[in-house]
Amino acid sequence: MPETVRGPVADLGATLMHEHVFGLSPEILWNWPDIPEGWDLEARAREAAGKLDALKAAGIDTIVDLTVVGLGRYVPAVQRVAELTSVNIVAATGLYTYDALPPYFANRGPGSLFGGPDRLAEFFVRDLTEGIGRTGVKAAVLKCASDHLGLTKGCERVFRAVAEAHLETGAPITTHSHSASRGGLDQQKLLASLGVDLGRVVIGHAGDSTDVAYLEELVANGSYLGMDRFGIETISPFEDRVAIVAELCERGHAGRMVLSHDSYCFNDRFDVAVVRERHPRYHLLHISRDVLPALRGRGVTDDQIHQMLVVNPRRIFAP
Numbered sequence: 002m003p004e005t006v007r008g009p010v011a012d013l014g015a016t017l018m019h020e021h022v023f024g025l026s027p028e029i030l031w032n033w034p035d036i037p038e039g040w041d042l043e044a045r046a047r048e049a050a051g052k053l054d055a056l057k058a059a060g061i062d063t064i065v066d067l068t069v070v071g072l073g074r075y076v077p078a079v080q081r082v083a084e085l086t087s088v089n090i091v092a093a094t095g096l097y098t099y100d101a102l103p104p105y106f107a108n109r110g111p112g113s114l115f116g117g118p119d120r121l122a123e124f125f126v127r128d129l130t131e132g133i134g135r136t137g138v139k140a141a142v143l144k145c146a147s148d149h150l151g152l153t154k155g156c157e158r159v160f161r162a163v164a165e166a167h168l169e170t171g172a173p174i175t176t177h178s179h180s181a182s183r184g185g186l187d188q189q190k191l192l193a194s195l196g197v198d199l200g201r202v203v204i205g206h207a208g209d210s211t212d213v214a215y216l217e218e219l220v221a222n223g224s225y226l227g228m229d230r231f232g233i234e235t236i237s238p239f240e241d242r243v244a245i246v247a248e249l250c251e252r253g254h255a256g257r258m259v260l261s262h263d264s265y266c267f268n269d270r271f272d273v274a275v276v277r278e279r280h281p282r283y284h285l286l287h288i289s290r291d292v293l294p295a296l297r298g299r300g301v302t303d304d305q306i307h308q309m310l311v312v313n314p315r316r317i318f319a320p
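Under our numbering, think of the first position of the sequence shown as 2, with each following residue one higher.
Incorrect hints may have been included.
Pairwise CB distance ranges, derived in the manner of DEER restraints [stated by the list, open to error]:
1) 196 / 120: 32 to 38 Å
2) 112 / 217: 32 to 38 Å
3) 149 / 58: 34 to 40 Å
4) 315 / 58: 41 to 47 Å
5) 43 / 196: 40 to 46 Å
6) 298 / 212: 35 to 41 Å
7) 277 / 112: 39 to 45 Å
8) 108 / 212: 35 to 41 Å
Hint data in this document are derived by calculation from the structure and do not stem from the laboratory. Note that the Cβ used here is the ideal one computed from N, Cα and C, for glycine as well.
Could you build the full structure based on these sequences and the hints that come with them?
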C-alpha cells in the first residue's frame with residue numbers, strides 16, 4: 002500500500018501527482034521572522050487544510066507533495082495539515098537544485114574537496130524506509146531536477162543517488178525537467194544507464210511543451226509525462242496546455258500522462274499578490290474547475306480522465 006503522511010492507504014483515488022503544501026525559506030524565517038509573508042505553523046496549517054478540503058469537495062483524494070530538500074521541506078508542518086484534512090498527502094525525498102549541491106553535500110562525496118562516500122542515497126533510502134527526520138513519516142517517491150543548465154555535476158550526483166535509492170527500495174521517480182531544451186531525454190538517458198526502469202519515472206513539466214515529437218519520444222522510452230503546471234501560463238498558456246493533452250489522448254497516450262498544477266498552499270518565495278495577478282488560475286482547483294471541462298470539450302473521455310487521475314498514479318506507486 003502506498004505511504005502517505007498519515008500512513009499507508011489502500012487506494013489513493015483521484016491524485017494530483019505534482020503539488021506542494023509548503024515552500025519555505027528556513028534561514029529567512031529564522032533570522033527575519035517579521036517578513037510580511039510570515040510563518041505561523043498553526044495558522045498556515047489551517048489555511049492549507051481549508052484549501053485541501055475544497056479540493057476534496059472537487060473530487061480529488063490525494064496530492065503528491067514533491068517538496069524536497071532545496072525547496073524547504075518541513076514535514077512536521079505537513080503532518081499538522083494531514084491531521085486537519087481528509088486528503089491524502091504523499092511525501093517525497095530527493096534534492097532540488099539546478100546546478101550546485103548545498104555545501105553539506107558539495108564538500109563531501111565523490112569529486113568534492115574532502116572526498117569520502119556520497120551520503121545522498123543513504124539519506125534518501127532512510128526517508129523511504131525509516132521515515133523523515135523524527136516524524137516517522139515515510140516518503141513514497143523520489144525527486145530530482147535539472148533545468149536550462151542541463152545535467153550539471155551537482156544535478157548528476159542527485160540523479161545517481163536517486164537511481165541508487167530507487168534500485169534499493171523500488172520507489173518511483175519524478176523529475177523537474179526543462180522542456181524547452183528537451184531535457185527530459187537527457188534525464189531518461191542517464192537514469193536508464195543507471196539501471197532504472199523508465200516505466201517507473203515521471204518526466205515532470207513535460208506539459209510545458211507542445212512538441213508532439215518530443216513528448217512521444219519520452220513516451221516511447223517508457224516514461225510517464227507530467228502534464229503538471231496547469232495555471233502557470235507565462236510558460237505555456239491554458240489553451241496550449243489543454244490542447245496538447247487532448248492531442249496526446251487522441252494519439253492513444255492517456256495511459257502515460259498524469260495531471261497537476263505544481264502549486265503551493267503557501268510559498269514564501271514569491272509575492273502572493275504578484276502571483277495572483279500574473280497567474281490567476283494557479284491554484285489547486287484549476288484542474289477540477291477549468292481543465293477537465295476544457296478537455297471534455299476537446300473530446301477527451303471520462304475514461305481517459307479517470308486513467309490520468311486514478312489509474313496512472315496507482316500504477317506509478319505499484320511495487
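List of violated hint numbers, smallest to largest
1, 4 and 6
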